[in-house]
Amino acid sequence: MSTILEIRNLNVGYEGENGTTKIINNFNLKIEEGVIFGIAGESGSGKSTLAQAIYNSLRYPGIIESGEVIFDGKDILKLSKRELRRIRAVDTTFIPQAAMNALNPVKRIGDQFNDVFEAHGEDIEESQSRIQSVLNMVRLSPEVLHSYPHELSGGMRQRTVIAMALVLSPKLVILDEPTTGLDVLVEHDILRDIKRIQRQKGFTMLVITHDLSILYQISDWIAMVYAGEITEYGKREDMLNSPLHPYNYLLLKSLPRIGAERYDGIKLIGAPSNYSETNKGCQFITRCPFSKNECQITHPELEAGYGNDHYYRCVRTPDWKP
Amino acid sequence: MTRSESVNALQNVDMELNQNELLGIVGASGSGKSTLARILVLLYRPTSGKIIFEGNDVSNLKGKNLRKYRSQIQMVFQDPYASLDPFHNVEWHIKRPLVITKYDGNINERIDSLLEQVKLTPPSQYRNKFPHQLSGGQRQRVYMARALATNPKVLIADEPVSMLDVSLRIEILDLLLSIKKSLGISIIYITHDLNTVSMITDRIYVLNQGRVVEYGDTKSIVTNPRDSYTQQLIKAAPDPYKKIEVD
Amino acid sequence: MTPESNRRAIKLNVNDDALKETRVDGISAIFSSLKKMFAPVHILTENGKSKFGLILLLAMVAFAVVGIFYTPYAPNAYLFKKSMPPSYNHLLGTTGYGQDVFSQLLAGAAPTLMIGFSVGILGTLISVFVGVVSGFASKKVNEIINGIVNVFLVIPGVLLIMLFGAYFLGLKQNMGYLPTVIILISTGWAFGARTFRSVTLSVSKRDYILSSILIGERKLSIIFRQIIKSIMPVIVSNFFFTAMYGTMGLTFVEYLGVGNLQQVNWGTMLYWAINNEAYLVGEWWWILPPAILISVLMFAFILLNFGLDEIANPALKVFKKKKKVIERA
Amino acid sequence: MTALPIKYIIKRIVIFIAVFFGALTLNFMLPRLMPGNPAEIVYEDLLRDSGGDINISFLHQLEAEYGISNNKPIWIQFFSYLNDLFHGNLGISIAFFPVPVSTILYEALPWTLFLVISSITISFFIGNRLGRYAGLNRNHAGDLIIDLFSMFMAAFPAFVLAFLMLDIFSVYGKLFPVGGAFAVGVNMGLNVPFIVSTLYHAVLPVATITLTSLGGWVLGMRNNIIPNVNSDYIGFSQNLGLKDYQVKRIAYRNALLPNLTGFSMSIGLSVSGVIIEESIFSYPGVGMYMITAIDDLDYPLLQGIFLMVIIAVLVGNLIVDILLGILDPRIKQEGD
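Each protein sequence line maps, in turn, to chains W, D, G and H.
Read in the numbering used here, the first sequence has 1574 at position 130, and its numbers run on one by one without any break.
Read in the numbering used here, the second sequence has 28 at position 37, and its numbers run on one by one without any break.
Read in the numbering used here, the third sequence has 17 at position 13, and its numbers run on one by one without any break.
Read in the numbering used here, the fourth sequence has 107 at position 105, and its numbers run on one by one without any break.
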C-alpha cells in the first residue's frame, strides 16, 4: 500500500488583534491508501481547522503559516485556485459538518448534481447513470432528484450530500463530524453505509470527529489530537486495547457503555483547551492527573510505541500506567 | 414543529415518577420525549389526560398556582450555550429565582452554597462571570444551580450532556447523581443515548413515536430488551469496542 | 456550535464586562461611570460606516448649537435686497424675500435636528412597545396587532401625511411643530414595529427566556430585564432609521404645504425656495444649501443605521485585519 | 411536488382582504374625524373666496356629496359608502366640479401605473446587479463606492433631485420636455409618434424615481448576499469544485428571493415617490391630481385617490407575494 496523503510540519493559526493565535502546531501525519483514518479531538483541539487546512479551504482569519499537504504527489497548499478547483470532487472531496444544511435550498437535487458535472466538464446526459448508481449506494430512491432539500428528512439530506460528494468517484474523502445533528438510529445506519461504500469502492477516508465512540467503531487507524497536536496515533486495535497516552486512556475509560462497569479510578480533570504558546512543556499538562515536574520542562516528541505504526507523545509512558 | 403537531406527539402515555428516583426517558428524535418534558413543566398543555403532582391534578393550573408548581419542577436544557442569558452574569442567574421565590435567608450565602453544590468552587471566582466566559460544562453547572435555586422537588434534564465534550459528560452525569443523593430530589433524565442512561438511572421508559413501548428496571431492560425498538436503540448505541463490520 | 445570538451578545458584552472589572473608588468611579455612559458610543466607533456617520452627526449638532445662540442676522427678517448672490456680508446670499440664507440655515438646524430626533425617539418607543408586546403576547393578540401594522405598512406614507396634514390644517390653529411630529410618528412607526415583532418572536423562543418563565419570572420582568437588552442593538439601529425617516418626512410635510410654513427649518427653506422657482432663475445659493445639509444629515443617520446593523448582525460583520477569533469545534 | 402553494396563496388573499377592509374603514373614518366637517370647511373657504356669493344650499349639497349627515347612524353611512363604492360611485370632484372622481381617476391611473411599473422594474434590475457586485466583492473599492453612493442617494430628498434634474436637463440643457406625458398635437393611440413621444416624456420622471429608489435595492441585495456567501451551501459548492460563476449564481438566487419580499413592501414607497415626482414633472398621473386635491381640499377626489392607490399597492403586494410563493420552494412549507 502506498501513501495517499502526507501532512508535513503543518502550522495553522488565527490572525487576531495581538498577532496570530496558533491552533495547529507542527502537525505530521501519513495516511495509507484505502483505509479509514479517524482523527479525534474535543473542542479547542483544532480538528475542524485541521480538516479545512488539509482541503485548503480555510478562510480568513484562519491562515496556514507553514507546512505541506502532499496528496497524489502534489502539495495541495501550493496549488493555484484553478488547479485546486479541478481536483475537488474529482480526486478528493470534503463532506462538511452539519452536512444536511449544505444543499442549496432553492434548487432541485437533480439540478445540483448536474451543476457538479457542469463544473468538471462532464456530459450531463451521459452522467445520469452515475447519479443512479451513487444514489443506489447511499440507499436513496431516484425520486429525491425532483425534490427540494427542505422536502427531505435530515438523514436523507445527509445521504444526498454524501452521494453528491462521491458521484465523481474521488480517491480521498474527508468527513468533518459526519453525524452531528442526526438521530441515533439514522446515525448508525449512515455510518454502516459509509463504511460499506468505502470498502466497495476502496477510496481512502479521513473522518474527523469529537465522538470517540463512533470513531473507534468505523476507523482502521486513529489519531488523537489535543490542543493542536497529535497525542497518540496508530492502528485502531492498538489504540483501543493498550493506549500509551494518558488522554486516550482516560477518555476511553470514561466513555459510558451499556453493560460495562462504571469506571471509578483516576479521572480526567478540567475542560479542553486551545494550544498554548506560553506552555513550553506538555500541552496536556493542565489536565493530566499523572503529570510530573519533567512534563513542565520538556515538550514531548512523538515516540514509537508498537512497531512502526504506533506513536505517542508522553515522557511519562509507561510509568503512569496502572 | 408547531404547537398543534407537538400536542399530538404523545399518545396515551402513562408514567410514574417515584420520590428520590433517577428516571430515564429514552427515545430517538421524533419519539416525543422533548414534548413530554415541556408538558411536564406546562409549557405545553396536554389535550387530554392528567398530570398528578403530589396527589393533585396540575394540568390546568394558571397564574400564581402555575408559578408555584413550576418552582417545584425545574428543567435543564440541552444547549448550555442557549439556556443562559448572555447579557447577565452568573450571580444574576441564580439570584432571580431566589428573589422570585422569596428566599428568606441570606441570598448571598445561598448563591455561594448553590455554586458549591454544582462544584463551581470557589464561588467568588464565578459569580461575576458572563456566560461567554465559561466553558460548556461550567455553563451547564451554572444552569443547574439556577434550577436548584427554586428548591425544586423534581428536576427534568433534557439531553443535558449531548452538546458537551466527551470528557465533560461524566462530570455532569455524576453531578446529577450527587444532587439526587444529597438533596433527595427526583430527576428525570431524557436522552437518546442508552449508554449514559444505563449508567445512572434506576428505571427507564422507552418512547417511540409518542408511545411508551417498554418500561421498567434499567438493568433488566438494557440486558434483556423485549421490544424491537429498544433492541434497535441498544444496537445503535455507539460503543468503541464494537467495530462496525460490513461484508 | 455557538448560536448566532450568543456571538452577537458577546460582542456587546465585552465592553460592559471590561468596565465591571475595574474596581471603582473616588475619581476613577466618575471616570468609570462616564466610560459606561459612553460604552454604546464605543460600539458605534467600531465600524467605519457608523464612525463616519457619528462624526457627520456630531458636526450637524455642533452647527445647530451655534445656530441656537448666534446667527449673523435675524433669520426671518426681510432686511436685505432680494436674491443677492453670496458675498462677504451674506455668505450664502439672500432669499427671494430678502432674508439672509446663512442665518436661516443656522437657525433652522436645531428644529430640523430636533424633529429628526424626536420622531426617532418617539417612533422607536412606539414600535418597541407594539413590536415587543405582539412578539411576546398570545397568538391572537399577536395576529391582531400584526394586521394593524400591516395596514400601516402597506398604505403609502405620503397619503397618510396628506390626510393627517389636511386634518391639522383644518384645525386652523398654530400648534408649532406638534402636528408635524405627530404626522411623522404616525406614519413612521410601523416598519420598526414589524422588525421588533420578528426579533422578539425569535428571542422569546430561546431557551434562556423559557428558563425565566420556568423559574416564575413575570412577563413584564422578562421583557424589561431580558428581551429589551437582547434587542438593544436593533433598537438603536432602528432609532437612526426612524430619525432619518423623520428628517425626510419633514421635507415632505413642508413640501406638500401641510406643515407650518412660518417656522424656519431646512424643510420650509426648501419649500420657499422651490415655490419661488429658485431653481429656474438660477438662485442655487437658496436651494442647494438646505438640500445638501438635509442630505448630509440623512446620510449620517443612514450610515449609523447600516453601520450598527453590521455590528449587530454577525453575518454582515467585516473581518478587519487583526481581529481575534476563537475557534469552536 | 411542483403544485402551487395553495395554502400560502389563500393565506395571502385573506390578508389582502383584511388589509383592504381596514383601509376602506380608515378611508371612511378620516373625513368624519376631521374637525367640524369637511363640507363646512370647504363651504367656508368658498364663501370667503367668493365674498359671500354662495348659497347655503350648496353646503347641504356638499354634505350630501360627502355622505355626511348628522341624523343617520354611522353604520348606515358606512353601508351606503360601501354601496357607492361597489357601484363605482366615488362622488363629484370639487376642484374639477362637476367631473366625477371616477372619471378623473380613470384617465390618470394608466399614466401613474406606467411610471411606477417602469421605474420599479428598472431600479430592481440595476439595483440587484449593483448589490450583487457589492456583496460579492465586499471590502473592495467598488463595494465601498456603490455602498456610499446608494446611501447618499437614499438620503437625498427625492423632490429636490427632481427639481435639479428638471433644471439641468430641461430648463438649461433643453434635452427633455419640462412637463406632460406626450407632446401636444400627437394623437393618443397605438401609433409610432405617440409611443416615441410618451417614452421621451417619461425619461426624466422615470430616471428620477429610479435613482431615488435604487439605493434600497442595492443595499438590500448586498446585505442579503453577504450572509449567503458564508453559508454552508456555498461552502459545499466550493468543496465540490463548482466554478466561480456557478457559486455566485447560487448566492445570488438565494439572496434574490428575500429581496423580492422587500420589493413587495416597497411598492407603497414607490407610489409615494411617484406622487411627488408627477407633480413636479406635471405628469398627468394620480399624483398631480393629488396635489391639486390637497391644495383645494377636494375631499372626494382625495378619498378616491387614496382608495385607488391602496388598491394598486395591495394588488401589487399580492402579485409579488404569490410570485414569491411559486419561486421560493421554502415558502410552501411556511404556508402550512
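One thing to keep in mind: the hints can contain errors.
No farther apart than 16 Å at their CA atoms in a straight line, the calculated lysine to aspartate or glutamate pairs in the EDC-like style are these [stated by the list, open to error]: (1) D:K234 / W:E1681; (2) W:K1639 / D:E12; (3) W:K1615 / W:E1477; (4) H:K9 / H:D298; (5) D:K233 / W:E1745.
In short, the hints are calculated from the structure, not lab data.
Q: Sort out which numbered hints this structure fails and list those numbers smallest first.
A: Numbers 2, 4 and 5, in rising order.
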